[in-house]
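Enquirer: Residue numbers (my numbering), protein chains in the order written: chain A, 40 to 321; chain B, 13 to 132; chain C, 426 to 725.
The hints are simulated quantities; they were obtained by calculation from the structure and are not laboratory data.
Misleading hints may appear alongside valid ones.
[As the list claims (entries may be wrong)] Each computed SDA-like pair below joins lysine to any residue, with the alpha-carbon atoms no more than 20 angstroms apart:
id : chain 1 : residue 1 : chain 2 : residue 2
1  : C       : 503       : A       : 115
2  : C       : 640       : A       : 260
3  : C       : 695       : A       : 229
4  : C       : 503       : A       : 233
5  : C       : 695       : A       : 41
6  : C       : 640       : A       : 178
7  : C       : 695       : A       : 262
8  : C       : 695       : A       : 260
9  : C       : 695       : C       : 560
10 : A       : 195       : C       : 560
11 : B       : 123       : A       : 129
12 : C       : 695       : A       : 159
13 : C       : 503       : A       : 142
In this text, all values refer to a predicted model and were calculated from it rather than measured experimentally.
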Amino acid sequence: MIIAVASGKGGTGKTTVSVNLARTIGSGVQLLDCDVEEPNAHLFLPGREKGSDIVTIPIPLVDESLCDACGECGRFCRYHAIVSFGSSPLVFPELCHGCGGCALVCPRGAIREQGKRIGVVETREADGITLVQGRIDIGVAMAPPLVRAVKETLNKDTTAILDAPPGTSCPVIATLRGSDFVVLVTEPTPFGLHDLRLAVDMVRELAIPFGVVVNRMGVGDDRVHRFCREQEIPVLLELPDDRRIAEAYSRGELVVDALPEYASHFATLLWNIREFRSAGGK
Amino acid sequence: MKIAFTTSGNTLDAPMDGRFGRAAGFVIYDTDNDTFEAVDNRQSVNTAQGAGIQATEAIVRHGANCLVTGHCGPNAFRALSAAGVRIYTTSAATVAEALEAFSAGALATMKSADVEGHWS
Amino acid sequence: MSEPTIQELVIISGKGGTGKTSITASFAVLAGFPVLADCDVDAADLHLILAPSIRERYDFFCGNEAVIRPAECIRCGKCRELCRFDAVMAGCEGEPYAVDPVACEGCGVCVRFCPVHAIDFPQSLSGEWMISATRCGPMVHARLGVAAENSGKLVSTVRREARRLAEENGLSLVIVDGPPGIGCPVIASLTGTSLALIVTEPTVSGEHDLERVLKLARHFDVPAWVCVNKWDLNPDMTERIESLAVRSGARIAGRIRYDRAVTLAQIQQKAVVETDAPSAGDIRQVWESLGLQEKIKEKS
Numbered sequence: 040m041i042i043a044v045a046s047g048k049g050g051t052g053k054t055t056v057s058v059n060l061a062r063t064i065g066s067g068v069q070l071l072d073c074d075v076e077e078p079n080a081h082l083f084l085p086g087r088e089k090g091s092d093i094v095t096i097p098i099p100l101v102d103e104s105l106c107d108a109c110g111e112c113g114r115f116c117r118y119h120a121i122v123s124f125g126s127s128p129l130v131f132p133e134l135c136h137g138c139g140g141c142a143l144v145c146p147r148g149a150i151r152e153q154g155k156r157i158g159v160v161e162t163r164e165a166d167g168i169t170l171v172q173g174r175i176d177i178g179v180a181m182a183p184p185l186v187r188a189v190k191e192t193l194n195k196d197t198t199a200i201l202d203a204p205p206g207t208s209c210p211v212i213a214t215l216r217g218s219d220f221v222v223l224v225t226e227p228t229p230f231g232l233h234d235l236r237l238a239v240d241m242v243r244e245l246a247i248p249f250g251v252v253v254n255r256m257g258v259g260d261d262r263v264h265r266f267c268r269e270q271e272i273p274v275l276l277e278l279p280d281d282r283r284i285a286e287a288y289s290r291g292e293l294v295v296d297a298l299p300e301y302a303s304h305f306a307t308l309l310w311n312i313r314e315f316r317s318a319g320g321k
Numbered sequence: 013m014k015i016a017f018t019t020s021g022n023t024l025d026a027p028m029d030g031r032f033g034r035a036a037g038f039v040i041y042d043t044d045n046d047t048f049e050a051v052d053n054r055q056s057v058n059t060a061q062g063a064g065i066q067a068t069e070a071i072v073r074h075g076a077n078c079l080v081t082g083h084c085g086p087n088a089f090r091a092l093s094a095a096g097v098r099i100y101t102t103s104a105a106t107v108a109e110a111l112e113a114f115s116a117g118a119l120a121t122m123k124s125a126d127v128e129g130h131w132s
Numbered sequence: 426m427s428e429p430t431i432q433e434l435v436i437i438s439g440k441g442g443t444g445k446t447s448i449t450a451s452f453a454v455l456a457g458f459p460v461l462a463d464c465d466v467d468a469a470d471l472h473l474i475l476a477p478s479i480r481e482r483y484d485f486f487c488g489n490e491a492v493i494r495p496a497e498c499i500r501c502g503k504c505r506e507l508c509r510f511d512a513v514m515a516g517c518e519g520e521p522y523a524v525d526p527v528a529c530e531g532c533g534v535c536v537r538f539c540p541v542h543a544i545d546f547p548q549s550l551s552g553e554w555m556i557s558a559t560r561c562g563p564m565v566h567a568r569l570g571v572a573a574e575n576s577g578k579l580v581s582t583v584r585r586e587a588r589r590l591a592e593e594n595g596l597s598l599v600i601v602d603g604p605p606g607i608g609c610p611v612i613a614s615l616t617g618t619s620l621a622l623i624v625t626e627p628t629v630s631g632e633h634d635l636e637r638v639l640k641l642a643r644h645f646d647v648p649a650w651v652c653v654n655k656w657d658l659n660p661d662m663t664e665r666i667e668s669l670a671v672r673s674g675a676r677i678a679g680r681i682r683y684d685r686a687v688t689l690a691q692i693q694q695k696a697v698v699e700t701d702a703p704s705a706g707d708i709r710q711v712w713e714s715l716g717l718q719e720k721i722k723e724k725s
């Protein structure tokens with residue numbers, strides 16, 4: 040089963056839920072940190088580094104001896120990543136999406152493709168948990184291919200947890216596609232509710248069963264709960280606004296390790312996920 | 013010779029726009045017969061990325077050999093150089109003033125990009 | 426010439442949920458009629474505090490998306506074979522192929538190479554942006570459609586319009602509420618601004634993400650200020666983060682205490698500095714450290 044942990048709003052506790060859930064499942068679980076702009080799970084599960092692979096996207100390489108400057112590549116490219124002004128085309132690598140179109144349309148076969156590095160995928164082992172994380176290079180704007188590279192390491196035979204980036208745009212979609220259940224983490228505040236609504240719309244669009252974790256219960260009001268009731272969305276777990284949780288988090292400690300009284304919370308979460316997934320979710 | 017000026021208007025009195033890729037438009041002045049035409053750059057302004065490249069395509073399509081602007085990012089600089097467009101910088105307030113400075117030979121050519129590109 | 430006399434302050438955070446929007450809303454009050462740009466187009470929240478009344482509303486089109494005309498699809502599989510983004514779904518048992526709009530990057534390869542030209546390539550509507558009036562000043566904000574792509578372009582649109590509003594109305598400051606992360610929308614929010622305030626928190630994640638976002642600010646040559654929110658949650662970590670920031674060439678804008686009244690202000694649709702929350706004074710000090718008030722006065 041693939042469980043994706045997401046949230047409309049950042050900083051609601053996605054990583055807290057992901058890493059503690061991984062620890063609760065224990066040995067054999069895969070944890071994929073798909074927040075490639077800010078991968079954080081490794082801060083809580085240090086472990087041992089097992090390997091690192093460079094991820095590239097294919098960008099065009101023009102063979103000037105074959106090019107007759109017809110400009111077809113530039114007319115085709117939607118991203119202005121290759122352009123010709125009556126001479127051999129210029130390539131702008133950071134604009135290229137790697138679709139391969141320019142090489143296909145070139146009538147003289149003058150365009151080959153070469154890899155351009157966008158980031159790395161690192162694998163770690165921490166107490167039987169396999170942690171795979173993507174890390175995008177600074178200044179690179181193209182996260183989805185790196186998210187897809189992280190997800191290529193998925194082993195279908197075990198349970199996998201995907202820690203998604205915040206928001207509802209391209210890299211989040213790339214993370215959620217193909218997962219079996221989505222856990223949306225929110226907090227009971229106006230911002231939390233507003234962003235939860237967006238996230239719910241997104242998950243419904245993707246037609247994946249989902250439920251909600253309400254973090255920092257007690258800080259705000261009950262509008263998130265009312266919303267979930269009206270929309271018939273299961274609340275999978277409530278975590279109280281306990282300053283000790285925030286402090287443990289600030290030091291990079293797992294809640295279930297630092298505060299064992301919360302172990303049962305995460306066990307309940309896991310049980311609820313399995314329950315609602317088999318029930319088809321909402 | 014045709015000179016492209018970056019501007020937010022469409023006459024010689026219009027204020028200069030310091031940007032190139034995301035300039036509102038261009039006034040393209042033809043020195044052979046002292047006429048000009050206004051070219052809209054909305055398409056480039058609205059593009060996600062590669063505005064400087066698209067803007068270069070636009071002025072080249074209108075036959076410009078020179079560009080007079082305030083600043084120019086790295087992608088636009090590469091594209092303009094490849095297209096054989098000479099780049100001049102100015103801080104003149106209007107197109108007419110910039111044209112006067114250009115005609116007097118008072119403008120410096122740009123040898124490299126002077127601002128960070130991307131979405132600025 | 427319209428030299429950039431307008432100051433543009435962007436508030437970013439690397440890590441999400443550090444209090445960026447609460448601080449932006451307070452700055453909006455303190456700045457005395459700036460133009461506001463909510464560039465967190467994925468999860469825009471500033472309007473929840475500033476209660477804008479929408480004056481203009483525009484559809485946001487971005488790129489194109491491939492759509493297969495089912496009646497004409499011969500199921501040859503060429504589109505699926507060529508698509509690098511895994512966006513073409515094979516129809517099961519004789520059904521035509523279809524493009525997953527969520528995965529389509531709008532490159533046009535399938536459109537060009539479909540042997541029977543059965544693929545349309547319409548512009549895709551991916552959101553909307555709005556110009557509004559608020560009690561603190563004009564505001565440009567946006568909403569990205571569900572599962573829509575290319576928030577970077579929408580961010581550029583919001584910033585461009587905010588600048589235009591500032592120019593047209595003779596306002597000298599634009600305050601940009603940026604998105605979390607360091608990717609495409611953040612780059613679009615950051616490039617070419619006058620200064621960036623990075624709001625972080627004293628946690629291992631906050632420290633880690635700050636390092637990356639500071640590198641980004643340096644990469645794009647934007648002067649960076651750092652402020653640690655909820656600093657008293659972990660004073661040692663706050664010290665560490667501040668010295669990291671200074672080593673990276675950033676300046677320290679101040680500290681803001683952990684304060685539950687921030688959420689209370691949010692519930693009342695008020696900026697923190699519009700309440701008597703204990704942290705309101707901290708936020709005022711951060712605002713003053715940035716020295717923007719003087720710069721604006723000089724200009725006007």
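Enquirer: Each of the hints needs a verdict: does it hold here or not?
Expert: Verification of the hints:
1. C:503 / A:115: Cα-Cα ~18 angstroms, so holds.
2. C:640 / A:260: This hinted pair is violated, its Cα atoms lying about 38 angstroms apart.
3. C:695 / A:229: holds, 12 angstroms
4. C:503 / A:233: Violated, because 42 angstroms separates the two Cα atoms, which is more than 20 angstroms.
5. C:695 / A:41: Cα-Cα ~40 angstroms, so violated.
6. C:640 / A:178: The given pair, whose Cα atoms are some 9 angstroms apart, holds under the 20 angstroms limit.
7. C:695 / A:262: holds, 18 angstroms
8. C:695 / A:260: holds, 15 angstroms
9. C:695 / C:560: With a Cα-Cα distance of about 11 angstroms, the restraint between residue 695 (chain C) and residue 560 (chain C) holds, given a limit of 20 angstroms.
10. A:195 / C:560: violated, 53 angstroms
11. B:123 / A:129: The given pair, whose Cα atoms are some 18 angstroms apart, holds under the 20 angstroms limit.
12. C:695 / A:159: violated, 43 angstroms
13. C:503 / A:142: holds, 16 angstroms
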